[in-house]
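Novice: As given, the protein sequences belong to chains A, B, C and D, one line each in that order. All residue numbers for the first sequence refer to my numbering, where the first residue is 11 and numbers rise by one. All residue numbers for the second sequence refer to my numbering, where the first residue is 90 and numbers rise by one. All residue numbers for the third sequence refer to my numbering, where the first residue is 86 and numbers rise by one. All residue numbers for the fourth sequence refer to my numbering, where the first residue is 3 and numbers rise by one.
If you're looking for bench data, these hints aren't it; they were derived computationally from the structure. If you're wondering where the values come from, they're calculated on a predicted model, not measured in any experiment. Please note that a few of the clues may not be correct.
Said to hold, decoys possible - Lysine to any residue pairs mimicking SDA-like chemistry, simulated, CA-CA at most 25 Å apart:
(1) 148(D) <-> 171(A)
(2) 241(D) <-> 359(C)
(3) 432(C) <-> 206(A)
(4) 279(B) <-> 331(B)
(5) 148(D) <-> 12(A)
(6) 206(A) <-> 376(B)
(7) 314(C) <-> 268(C)
(8) 509(B) <-> 127(D)
(9) 170(A) <-> 127(D)
(10) 396(C) <-> 262(B)
(11) 258(A) <-> 155(B)
(12) 432(C) <-> 404(B)
(13) 112(C) <-> 87(C)
(14) 399(B) <-> 230(C)
(15) 409(C) <-> 359(C)
(16) 206(A) <-> 263(D)
(17) 173(C) <-> 36(D)
(18) 234(A) <-> 138(A)
(19) 219(C) <-> 300(B)
(20) 404(B) <-> 300(B)
(21) 170(A) <-> 151(D)
(22) 523(B) <-> 217(D)
(23) 241(C) <-> 368(C)
(24) 509(B) <-> 36(D)
(25) 206(A) <-> 17(D)
(26) 170(A) <-> 42(D)
(27) 169(A) <-> 127(D)
(28) 123(D) <-> 520(B)
(29) 27(A) <-> 82(A)
(30) 206(A) <-> 155(B)
(31) 219(C) <-> 424(B)
(32) 396(C) <-> 263(B)
(33) 241(D) <-> 127(D)
(34) 235(A) <-> 115(C)
(35) 241(D) <-> 482(B)
(36) 523(B) <-> 263(D)
Unchecked claim - Derived CB-CB ranges, DEER-like:
(37) 218(D) <-> 398(C): 22 to 32 Å
(38) 238(C) <-> 91(B): 56 to 66 Å
(39) 242(D) <-> 309(C): 56 to 66 Å
Just so you know, even glycine gets a beta-carbon here, dropped at the ideal spot from N, CA and C.
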Amino acid sequence: MNEYASINEKLDWTGAKRIVAGIDVGAVSSKALVLLDGEPYAFSQVRTQRPGESAANALNAVSRRTGLMPENIHYTVATGRGRSQVTFARETVSEIACGAAGAVRIWGPSVRTVLDAGGESCKVIHCTEKGRATSFLWNDKCAAGIGRYMETFAGLVQKKVTEIGNIALQSEQFPKLSDFCPVYAQSEALDSIRSKVPLEQVIAAYHNAMAKRLSILVGRAGLKKDLVIIGGLARNPGIIHWLESILKVSNLAPKLEWDPAMTVALGAALFAESSYRGPESRT
Amino acid sequence: MSYTLKIWKDFKNYQSTCYRNYAYASEGLRCMGSTWSPLAPLKGLGDDVYIIGGEPHAASTAGTFPEEAREDIVAAEVAGLGFHSCSYLKLFVGEVVRDQIGITDGTIKEGYPRPDLIWTTHLCNLHSKWYQEVSRRLGGVPLYPIDMIGGGDAEKDPKIVNYVCDQMEEGIDWLERITGREFSDERFIKATRNEIKVLVLWGNVCALNMHAPAPLDERRLIALFPPAMVDRTTDAAVQLYERLLEEVRHMVETGESVVPYQRFRIVYFGLAHTYGHPEIARILRDAGAEIVASVYTFGTAGNFRGFVDKQWSWKPIDPAWVDGLDLSTRRDALTALAKIVLGWPTWQGVRSYWALEQMARAMVAEFNADGLLLAPTRSCETDFRNGYIAMQRIFKNELPTIEYDTETVDVRKMDIPGSKRKTELFVHLMEAHKKGGA
Amino acid sequence: MKESSEAIIEKFRRITQNTHEYAKSLKGKGRLLAGYMCTHVPEEILYAAGIIPLRILSAHESQAMTRSYIHETYCSFSHDCAYQGLQKNYDYLDLLVHSSSCIHMAEAFNVWVRFAGFQDKSFLLTFPHIIHTKRAGGIMVESYREFKQFVEKFAKRPITDDDIERAIKVYNHTRRLLKRLWAFLRHDRSPVTGSDVAAVTLAAQVMDKQECNPMLEQLIERLEAEPGKEPSGVRLMVTGGACDDLRIFDLIENLNHSTNLIFMDSCTAARYFWFEVPEDRLDKLEAIAEGYISRIPCPAKDNVPGTGEKKRFRFIQQFIEDYKPDGIVFLYQRFCSPQSMDIVALKPIIDMLGIPWTELELDTTVPVTQFGTQLEALVEIIKRVAP
Amino acid sequence: MNKEKFFAGLDAGHINTKAVIMIKEEIIGHETVPTGFDVGAAAQAALYGALQDARVSRDKLSGIGTTGIFGDMVQAPPLDVIGTVPDYVAVAKGALFFNRNSRTVIDMGGNIHKAVRYDPKGDLLDVIQNDKCADGLGIFYTTMAKAVGLSEAELSESALNATGNRSIAIQCALSAQSDAIDLMCQGVDIGDVADAVSKVIAERVADMCTYMSLTKEIVVAGKLAESQAVIKHLSRLLKEDLAVLDFPEYVGAVGAVMSCGVGK
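Isolated chain A, as found in the complex:
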């Protein structure tokens, strides 16, 4: 998916009093999310290649879909690894604070732990009922890139990254792969060609291994309920299934009406909203 934009048809930006945007320039994809008077209105996602450009492209994708022009936006907050490159943003906030704020806005005040499983990094964030981050754990170096490696893995098994997650659900039994390092897991997966392990089992095993690695990070940070998962990997049913069974939690699956990959951008937009309304609006 190189460019994608969606819009809440019920809203119309022309009449809006406050138009703010959150831009999340992630390592793999850049997202833009626009709030109209505090309500999510438009969302877009593009590949991150040159962060500055990608941020602009994300916003342009919204414009093409809505006619809303960058100059119509009153306030923009940038977040994500490439946030420093977003020249048109008024301020930047870390994806940790944004992830917490966005997650609580979507899943409500019962959220205490947010697993942000992104393309290049995974973080476990603890937060208050108001969506304020109180602590976080960043993946250790050996657990970097789980998201992007999932794409690479899909390529190796010649499937779409959007379909392997479902294939992973087809087997509960399989020879385990290393759940310590994506490179090891990849090598062992390739080696299982020799032992003629059925492909769906290899795919399941790979998802199981990556979910196990994520669950170790969650456990290490401390699993305070409710747990929610955001970021690109949250779209992957295989990862969700294994996280639920390993961590013994339920309802990790994304909400139908909400793409979990938008959550951090939403958080940034919430920061933009409160900055635009001024300090008194801060919770």
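Mind docking chains B, C and D on chain A? Use the hints.
Specialist: Same frame as chain A, but now just chains B, C and D:
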């Protein structure tokens, strides 16, 4: 026709009994620590002293319950231990975290039995930090670490021998203070002689592998030395190893072996992993390649002639020498013990690259090896990783040499695909070498 | 016109950037140079013989060429230092000295000795692996004595007690000056930044102390005269292992939010000098041993026989009390196991004090956006940022 | 024409399966297909692709030599395999076929890399294979090209035009990727990122090579050899002239034919 060891069962029983005693003892003293330490001083406290040692316990737990072991390690990482710390350590701490303990007889006891004291050594970066963490988690168990300073021919350096003796001497006062028991020198001295005897006997067993065919293979060696690790201070242990030596001697006389088909003799540097990973052992076996000597199985709980004027030898020490040792005073016994412990090959290599290199050279020569297999252990902070990479650089042009990563008990970090690939290549290179090629 | 504090700090920074150039300038003055890789080497003994000890530092150059000498799973600092030897970057050294250290730096030392031509100009001191054993001092004195004899033979001159006493006093002076410099960081509106202090401290480890001390005195004098910089922002304390990469400390003080780096507990910073050697003792070697035992312990050697206590934690808690950090940065070398064994036990203590923390896992390269994000997130948490 | 003896070489690797059709000493057809977890199917596809490319019908084949990590798994009929050799044997024979004076070949594949030293007959003298942490360098290169939105050829191209001198972690493909992306997020020029990516691959391969004495001439095989940027750094690090073989990706497959004692 491959030979089956008669004494096999007795070894298994001895090991399991030691662990059961530790796990289920209702009275007596539970002592924890690296059994890679002088153990005799503990026996000065009485016969009702039950020992659990970090490495052998972790190893046998992994051997007995592979899946549990994997979960133990994960539990330790969830509890915050380092992703790159010793996996023996993590498995061990993992059991404490999960509040259970696995025993080699295949049973798991719920509720981790709290030790009364920890008596251990420190040489690598982690050895005594391991037990600091256990002690912390169990609410502060008294801990006495002995600084096993050294490497190289430390056992010949009076300043180091005295340093270790003095620590043990103070340790004995500490043991009395902590346990409120009176220390019996008589018991201690007896235990010391046993401990040294077992170590020397094991050295004799290993040295018999210089014969062709080598009577024992890596898989048997790794299974036969744990009793010496678990508790080598008892009369029972001495008798076990005397009988083993007798049986293996007889094998040599009759030219028998547990694996008679031996086209290639391999010298192995690394923690034994062929036991836990038969698929790798199989590649070697199918090609008639056997590991006939390995520094880990030989030198972790075994003593050899070692350095005689700076030249290393794997030739055995005459067991009669032990009976002749003058251990009339506590200090005599401590000195003898310090020397024997500092003389363990595995330790001499830890902080001395030249010792490690000499051991390898001597092993290749004395065991008439066709190839050198180096398998550094990813998570090991002692000599099972130090210097190994450089050794490939040094030996590669002298004889077929292969190096691949392995692990003690953390299968997630093992390089199964790579080790299979490289093992096949290894066999290919030894073939070519025999033909006068590579 | 007197030099400004900025100018003096710049001088120190330049020395950290051109350590070889500086060392060669000493050589130009006819001095003998001894490199060392671990701060357990008793510099005083070398200095007493007129030899300048200087710490071997890494170059932060990402390279794989040491992977065929040292195993992957050794810290990037040891790999990088080994590389400096293989690259012959330190060939001007007259001597390489090491004391049995953590396994990682020991491997780096081995590479120099075996493969980088230092076989015949190196010395390895026997040094306790547990610093708190009752007899540690005793064995240190014995191995110091052997070392002293070696140095006398090497320098072709006897080392008198007066020589050693003079060296002790020079080094103690450096330590006191560094402590005074660090003391600025305790207060609000410090006239000097933490990253500058880090740079000066690092420079001191590669300098002739007789040249270093006057520069430190000048600097402190200037700083005392200056009004403090802008009111301090969020106070961050670093605790961890070897880090001679000043980019990290600069990064910590150049975030989106105003921050001050107020303490660095590591063997390339506080652990290097945070102790003194008793002066005017009869037995000089005993005095040196006593001094080195009283240091902030290296995690690899920190275990009190009988209790298993980690003395290092007492220091850290004291530093927290004195320097009042708002947040803590665990900065440690990837693969440094002793550090991780400390951190697992330290976190509960830090949590109890209610101080937020984050972990930066060091490699040769610095992932600026990742570390930057982690640090900014930490500051946001401290400032309770929320929409 | 019917007297002509046609032979096929199949190199079944972790990532790609390569096939060549040869007549005597001449390569008349070749094809690469992703192995994609079905070695048999990939072998068939590669073989038929190569046959088409050579305009030779299946029944004209006198025999097939196989090699590669899964070389022994393509025996399934209707493929009449006349011989299977290990990848390091084939790559030596293949390298010698392409360059009679070569004595060392550095083979940089998708998942693993190795160096092989051989005598004038192409028989092994020494072999070194990569460490575990250096697995997947080829995959990494492909992934990074995708990440920065370039083809692999373009990645090499822009690396060669790099102005800066950036470094990324060399621990493994994972750390390297993570660092490369970090540079990207700092807004570093793509050329510099590409250069750092090529450099890290060369570093790992060069380091492995230092275990062995590399006898001249030294040649390079494998798909990564197509990256001039990688070769540039590799030759700088080894301080050696490196000749990239024609069809570097097919050296193994050709070697498989040669190893079966045919093509002479």
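Novice: Each hint needs a verdict: does it hold in this structure or not?
Specialist: For each hint, the structure was consulted:
no.: 1; hint: 148(D) <-> 171(A); result: holds (14 Å)
no.: 2; hint: 241(D) <-> 359(C); result: violated (45 Å)
no.: 3; hint: 432(C) <-> 206(A); result: violated (46 Å)
no.: 4; hint: 279(B) <-> 331(B); result: holds (17 Å)
no.: 5; hint: 148(D) <-> 12(A); result: holds (12 Å)
no.: 6; hint: 206(A) <-> 376(B); result: holds (23 Å)
no.: 7; hint: 314(C) <-> 268(C); result: holds (15 Å)
no.: 8; hint: 509(B) <-> 127(D); result: holds (21 Å)
no.: 9; hint: 170(A) <-> 127(D); result: violated (44 Å)
no.: 10; hint: 396(C) <-> 262(B); result: holds (23 Å)
no.: 11; hint: 258(A) <-> 155(B); result: holds (22 Å)
no.: 12; hint: 432(C) <-> 404(B); result: violated (50 Å)
no.: 13; hint: 112(C) <-> 87(C); result: violated (29 Å)
no.: 14; hint: 399(B) <-> 230(C); result: holds (23 Å)
no.: 15; hint: 409(C) <-> 359(C); result: holds (18 Å)
no.: 16; hint: 206(A) <-> 263(D); result: violated (30 Å)
no.: 17; hint: 173(C) <-> 36(D); result: violated (45 Å)
no.: 18; hint: 234(A) <-> 138(A); result: holds (11 Å)
no.: 19; hint: 219(C) <-> 300(B); result: violated (47 Å)
no.: 20; hint: 404(B) <-> 300(B); result: holds (12 Å)
no.: 21; hint: 170(A) <-> 151(D); result: holds (18 Å)
no.: 22; hint: 523(B) <-> 217(D); result: holds (22 Å)
no.: 23; hint: 241(C) <-> 368(C); result: holds (23 Å)
no.: 24; hint: 509(B) <-> 36(D); result: holds (23 Å)
no.: 25; hint: 206(A) <-> 17(D); result: holds (16 Å)
no.: 26; hint: 170(A) <-> 42(D); result: holds (22 Å)
no.: 27; hint: 169(A) <-> 127(D); result: violated (41 Å)
no.: 28; hint: 123(D) <-> 520(B); result: holds (17 Å)
no.: 29; hint: 27(A) <-> 82(A); result: holds (11 Å)
no.: 30; hint: 206(A) <-> 155(B); result: holds (23 Å)
no.: 31; hint: 219(C) <-> 424(B); result: holds (18 Å)
no.: 32; hint: 396(C) <-> 263(B); result: holds (20 Å)
no.: 33; hint: 241(D) <-> 127(D); result: holds (22 Å)
no.: 34; hint: 235(A) <-> 115(C); result: violated (68 Å)
no.: 35; hint: 241(D) <-> 482(B); result: holds (19 Å)
no.: 36; hint: 523(B) <-> 263(D); result: holds (23 Å)
no.: 37; hint: 218(D) <-> 398(C): 22 to 32 Å; result: violated (59 Å)
no.: 38; hint: 238(C) <-> 91(B): 56 to 66 Å; result: holds (59 Å)
no.: 39; hint: 242(D) <-> 309(C): 56 to 66 Å; result: holds (59 Å)
Hint check: violations occur at hints 2, 3, 9, 12, 13, 16, 17, 19, 27, 34 and 37; the rest are consistent with the structure.
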